[in-house]
Amino acid sequence: MFMLTTTTTVEASRILQTVLSKKASIKTQVYSSLIQNKKALYAVVCEVLKNGPILKQIAGKCEGFLRDKQLKHDEHLALVLLYEHMFGRVVRGRFKVIMARHKTGLHAACERLKIEAGVSDLKQLLTNTQPEDSLPKYVRINTLKSDLTTVKKAFDAKYKFQCMDLQDFSPQCLREILQPQTVIEDPHIPNVLMFPPGLHTQPLYMNGSIILQDKASCFPAHVLSPPPGSMGIDCCAAPGNKTTHLAAILNNKGRWQQGTERIRKVVKTRSGKN
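Terminal number for the sequence shown in the numbering used here: 274, no gaps in between.
By construction, these hints were calculated from the structure, which means they are not laboratory data.
For glycine and all other residues, C-beta sits at the position ideal for the given N, C-alpha and C.
Wrong hints could be hidden among the right ones.
[Stated by the list, open to error] Here are the computed distance ranges between Cβ atoms for each label pair:
no.: 1; residue 1: Pro-228; residue 2: Lys-39; range: 38 to 46 Å
no.: 2; residue 1: Leu-212; residue 2: Glu-63; range: 39 to 47 Å
no.: 3; residue 1: Cys-235; residue 2: Arg-94; range: 33 to 41 Å
no.: 4; residue 1: Gly-229; residue 2: Thr-6; range: 47 to 55 Å
no.: 5; residue 1: Phe-161; residue 2: His-73; range: 39 to 47 Å
no.: 6; residue 1: Gly-64; residue 2: Tyr-31; range: 30 to 38 Å
no.: 7; residue 1: Lys-39; residue 2: Lys-96; range: 18 to 26 Å
no.: 8; residue 1: Pro-220; residue 2: Glu-116; range: 46 to 54 Å
no.: 9; residue 1: Ser-230; residue 2: Val-97; range: 57 to 65 Å
no.: 10; residue 1: Gln-17; residue 2: Lys-38; range: 14 to 22 Å
no.: 11; residue 1: Lys-22; residue 2: Pro-228; range: 35 to 43 Å
no.: 12; residue 1: Leu-20; residue 2: Thr-149; range: 33 to 41 Å
[To be verified] Listed below are the simulated PhoX-like cross-link pairs for lysine-lysine, each with C-alpha atoms no more than 20 Å apart in a straight line:
no.: 13; residue 1: Lys-137; residue 2: Lys-215
no.: 14; residue 1: Lys-72; residue 2: Lys-61
no.: 15; residue 1: Lys-22; residue 2: Lys-137
no.: 16; residue 1: Lys-96; residue 2: Lys-69
no.: 17; residue 1: Lys-160; residue 2: Lys-137
no.: 18; residue 1: Lys-72; residue 2: Lys-96
no.: 19; residue 1: Lys-39; residue 2: Lys-50
no.: 20; residue 1: Lys-114; residue 2: Lys-50
no.: 21; residue 1: Lys-137; residue 2: Lys-23
Construct the complete structure from the given sequences, taking the supplied hints into account.
If you want it as structure tokens, here you go:
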């Protein structure tokens, strides 16, 4: 069990809100976060997601907890604090005062819930399964090493491939079609597929034929779509998915120039300094 800092607690509540609103996946939010202890951050978000119903019951039975002025009506923060208080370690920082203020009420709420559920320990009500990440997993086919036909053949025994018309593309339609063992060809970007979770051990992933890449990250190269022979200036901190996507579109027939020194020269020129 981890002891969270105040900053990590606030970040966990922000990620919780983002994930519940279906704007991004847990892993995407956690690994793009500035919080260093990502293991602790991921763990607490998962636990609160899994046990949201039981935490809401406790909060609802403790009069005044969710209306505490210091929580500023932030239910997601309240649930993270409640999980830390009830099942984690001591709540730290400025939130310690809030939990101390409602300690008696929360204890009484837990006792009532245990009686109603017929258990001797509240931990018996906790969920042990991993939370479902309802967002699809996007995969880009690395056309420098493979192609759609080859990928389809490799997955043919386990997955059923389906196409989705652009006019039918909607979250509701996506949920209906993207069932376990189903793959959807993305209607917006060529060579991008939507999978259910669980691709990290696939041979095609291990050998680089497919790349796990968020759809939003695939758009820049697709929109740019430079013709073969183009020259690109890489201004990123390091080559990554967008760079390799562009290389695939160029079919490796282009030139790349690292942009760090070039940008320094541009800034120096624009500032009027020699």
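Which numbered hints does this structure break?
Going through the list in order, the structure violates no hint and respects every one.
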